[in-house]
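Protein chains in written order, with this note's numbering: chain F, 11 to 203; chain R, 39 to 387.
These aren't lab readings, by the way, just hints derived from the structure by calculation. Just so it is clear, CB atoms sit at the ideal spot from N, CA and C, and this is done for glycine as well. Worth double-checking, as some hints may not be accurate.
[What the hints assert, rightly or not] A short, non-exhaustive set of chain R residues, derived as facing chain F with CB atoms under 10 Å: (1) V76; (2) S80; (3) R85; (4) G111; (5) A177; (6) V178; (7) T185; (8) E206; (9) V208; (10) P209.
[What the hints assert, rightly or not] Listed next, with one range per pair, are the computed distances between beta-carbon atoms: (11) P347/R to N57/F: 40 to 46 Å; (12) S97/F to P367/R: 25 to 31 Å; (13) K187/F to R298/R: 35 to 41 Å; (14) N133/F to A238/R: 39 to 45 Å; (15) R146/F to A348/R: 53 to 59 Å; (16) R298/R to M182/F: 30 to 36 Å; (17) S169/F to D304/R: 46 to 52 Å; (18) N57/F to R135/R: 27 to 33 Å; (19) A52/F to A238/R: 46 to 52 Å; (20) A375/R to S97/F: 17 to 23 Å; (21) A149/R to A52/F: 32 to 38 Å; (22) D96/F to D339/R: 41 to 47 Å; (23) R146/F to A141/R: 53 to 59 Å; (24) E140/F to D147/R: 57 to 63 Å.
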Amino acid sequence: MANLRILIVDANQVRATIIEEGLREAGYEQLIRISATTGLVAAIEANDPDVVVIDLEDPSRDALADMFLVSRHVRRPITMFVDQSDSASIEAAVEAGVSAYIVDGLKKERMQAILQTCISRFNAFRKLREELDEARSQLDDRKTIDRAKGIVMRLKGLSEDEAYALMRRTAMNEKRKLVDIARSLITAAEMLK
Amino acid sequence: MTTLHLRVGFMPLVDAALLVAAADSGIAQAHGLSLELVREVSWSNLRDRLHVRLLDAAHMLAPAAIASTLGIGGVTAPMAAPILLNLNGNALTVSARRFEEMARVANGDLADPVVSAQALATLVSARKASGLPPLAFAAVFGFSCHTYLLRDWMALGGVRLGEDVRLEIVPPVRTVEALASGEVDGFCAGAPWNTLAVEAGVGAILHCGVDLMPDCLEKVLAWRADDVERRSEAVARLNAALIEASHWASDEANWPSLARLLAAPDRLAAPAALIEAILRGEIVQGGGRPIRRVPSYIRFDAAAIHPDPAHADLLLAAMARAGQVVVTPNLIERARAVFVPLALEAATG
Numbered sequence: 011m012a013n014l015r016i017l018i019v020d021a022n023q024v025r026a027t028i029i030e031e032g033l034r035e036a037g038y039e040q041l042i043r044i045s046a047t048t049g050l051v052a053a054i055e056a057n058d059p060d061v062v063v064i065d066l067e068d069p070s071r072d073a074l075a076d077m078f079l080v081s082r083h084v085r086r087p088i089t090m091f092v093d094q095s096d097s098a099s100i101e102a103a104v105e106a107g108v109s110a111y112i113v114d115g116l117k118k119e120r121m122q123a124i125l126q127t128c129i130s131r132f133n134a135f136r137k138l139r140e141e142l143d144e145a146r147s148q149l150d151d152r153k154t155i156d157r158a159k160g161i162v163m164r165l166k167g168l169s170e171d172e173a174y175a176l177m178r179r180t181a182m183n184e185k186r187k188l189v190d191i192a193r194s195l196i197t198a199a200e201m202l203k
Numbered sequence: 039m040t041t042l043h044l045r046v047g048f049m050p051l052v053d054a055a056l057l058v059a060a061a062d063s064g065i066a067q068a069h070g071l072s073l074e075l076v077r078e079v080s081w082s083n084l085r086d087r088l089h090v091r092l093l094d095a096a097h098m099l100a101p102a103a104i105a106s107t108l109g110i111g112g113v114t115a116p117m118a119a120p121i122l123l124n125l126n127g128n129a130l131t132v133s134a135r136r137f138e139e140m141a142r143v144a145n146g147d148l149a150d151p152v153v154s155a156q157a158l159a160t161l162v163s164a165r166k167a168s169g170l171p172p173l174a175f176a177a178v179f180g181f182s183c184h185t186y187l188l189r190d191w192m193a194l195g196g197v198r199l200g201e202d203v204r205l206e207i208v209p210p211v212r213t214v215e216a217l218a219s220g221e222v223d224g225f226c227a228g229a230p231w232n233t234l235a236v237e238a239g240v241g242a243i244l245h246c247g248v249d250l251m252p253d254c255l256e257k258v259l260a261w262r263a264d265d266v267e268r269r270s271e272a273v274a275r276l277n278a279a280l281i282e283a284s285h286w287a288s289d290e291a292n293w294p295s296l297a298r299l300l301a302a303p304d305r306l307a308a309p310a311a312l313i314e315a316i317l318r319g320e321i322v323q324g325g326g327r328p329i330r331r332v333p334s335y336i337r338f339d340a341a342a343i344h345p346d347p348a349h350a351d352l353l354l355a356a357m358a359r360a361g362q363v364v365v366t367p368n369l370i371e372r373a374r375a376v377f378v379p380l381a382l383e384a385a386t387g
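Chain R extracted, bound-state conformation (with noise of 0.2 Å):
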């Protein structure tokens, strides 16, 4: 068998996590592959590099994908997403500082998403009585769950991202930094970004995204919708190699060697003990509170990565919500041919 070559780009995240575990154990060599891990700085960069096939796949949003593929906000670039990379992985920080207001005007149990919601609310009406600016919140791209979790959660309390709240786009990178220089009070991002955030004392984790959104389809892998086809043997070795990755990176006893490839220089550059423990489902939230298991966290395992045309129904219905598209009956079957489960019954089959 002679060894393909291929370069994929990833965004520093813990949902990277299949890919550097097939590159870096081992896993795609005994599949044939010689896989190249090429760390971005956008996801526009990972969407654009992917068009163009500098990059032979892409560690990509799945609403990003959509998005892509029906040409909303740029190149219509169609990716087709033959196994995906997680489920969940979000939460939800704000600063320190929001964490203790909203504390303060909190009626009940901040954990229960319709209080903090109504507490946001609370402070967004006492901001706009005194004639502070108003909050301003991050997501890390346009489309994605982290803006339609934002947009959910804030909707419980009857407050309107993009009006009473401001959206701004922040790469995960700069999450942490955004946050502490006050640019914005919150954020919704992926792993490890929230307890970093935690852990450098800037904010508290309001909510994990498995309390808004549970089993949330988070990253796909993406390859250029008429690659999948053309290029089936470097598909198929790929996909095998990342069903292997997920079995080992579903096994607790994996779970440190896991976290040392992920907290690498040229990976995450993270340190290796937290993301283990994110991992785990043991996250610090700060805020004085005690650290909290959650089970689900973030999924790797098998049930977690086979694509369903059902899950374009679902991200579609959280577009249109954030008005970014008008669904169509077109709409929904281009989105839908984005998730192609065949390729991946082959590949296991």
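Chain F extracted, bound-state conformation (with noise of 0.2 Å):
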């Protein structure tokens, strides 16, 4: 299993990290990573690997898909790698946005689980991506309502617990979020500045 060469090719250097964390607890050591969009072709005859995983995102995947076809410049013929009776396993890696390719030769188990490691990773990726733009909108409405809350101290005197929870009461009352009530506030209060 060491002695497989696996080339990843990602231009997201954290996702590709991750990746090679994964591979690389499989059991997998020979590996390469690149983030070249261009070059990729001089970069598998540099290489020599056995698998190539890529981002399905990056338009240099159909220069690979060319390879099989016009392989006199390179050694060994590559193609992506399909488990055409695995339609499920198709479908997996396509939704967590990876593509692997492979050598003419190399056993099809083996690669299921190469592809299976990558599909996991690029999803904890994509979670990790989710989680961390849920926590930054979290952030950015959390300073709407303080914004919202220091207009509404201006404004009718109150103190900072009393206008906040005005405001909370006011969004109960109108049964929306109290985010939303912040920002009718400071669109409010711009408008009669």
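Got two chains here, separate frames each, mind docking them using the hints?
Spelled out as structure tokens, the structure:
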């Protein structure tokens, strides 16, 4: 297993690291990472990998797809890895956003394991990013609410707690989210400036 | 009539015009569709996302639809094209430097493909003799009319693509950059990329697709083959919308509007004036030559979008010349099945 050379093509450094760790944990040692969307063919010639794992969004995928046709300058022909009998894994890979290419002759079972690792790592990365986005938007909400609170305090001469309580009550009465009330307040305050 | 939501993938090219016109001018809505266009970065992505139904239909290179159906080069993902999206639209561009070199050695008018191919042959042998690396030309996908145009043009001068000249695969959006950096010496791509290369001052258009292959079937609207029957209502509505878009896009009076729709940041993100000139068939050639008028440079008219199983024969022949397939009767039958005119007749009739 350790003697398989895997080339990871991903412009996203964080995701590439997550994939690399995953494959390393699974026992693969010869891992090469490149981020370039250009010069992929040259990188493959130079590194002579057995497997290429590539971000589905990488535009150089079309060049890779062609390597088996114009393989004159490539030592070993490369084809996209597809287990035609296993449509679920094709779907899982495309949905996760990863695609794998193999050189001729590699056993299907060995490839399945690599692909599964990559799919789960791609999904883990996506989850991480979604969580980060959520945390970011929560932080933004917090800031909006604080700003609106300041406006209420100033205009109505209330303390911080009182201003917050008033906003919460309004939100509950109107069955709206606190952040929406805060946004309306800010918009109104700006209009009346 | 309940509105059907359809996600259709496309590449940023002028030949996505009928899809863009249908989605962005209200035509699709009038046909009971909410049409969401998704811009993709590669033909492989379009094929794979269509296959797993992340897309309902896709803007697709006609030869790629055949290759996918036959399972050459990856997943066997049978596709069907109930309607075509255009004919023609390609051009062959070389770097400003190679154009000058070719003009110097040309034995006649470079506008003649035989003369230009022979000029290329002269360059190729001169480089070989002085130990320079071979020239590199780019096509946008292996299974594409661009590959076949390049190959057939070079053959006129006895030059073999893939042997005497390297073939690189470069996505349309990267062609201008690849030409400017010297990564490739020339490319064949669809509009507006050739014009953009000329406007950027890095290339000169040698030939338009119509000079080499008149009425070349370029893009189709591809569905999963099994969906064409299963989802006949959706197919019929999208066909009807695209037929109306074809009428609209064939009327000269609408070209400024069509150009503006295509120019949008989430569509082609290219200047509207440049796109409009392409629709008019006014092609800036570069290399110190005047604007060339090319009738039928790109066709969206009613006759251009009608699928015909005979298209498969022509494309298979080109694929075979390029060494991509060995044609057998069974292969011809499966490839012909990609072009399903019945659905279109049902929609129009």
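Which numbered hints turn out to be false for this structure? Going through the list in order, the structure violates hints 1, 16 and 19 and respects the others.
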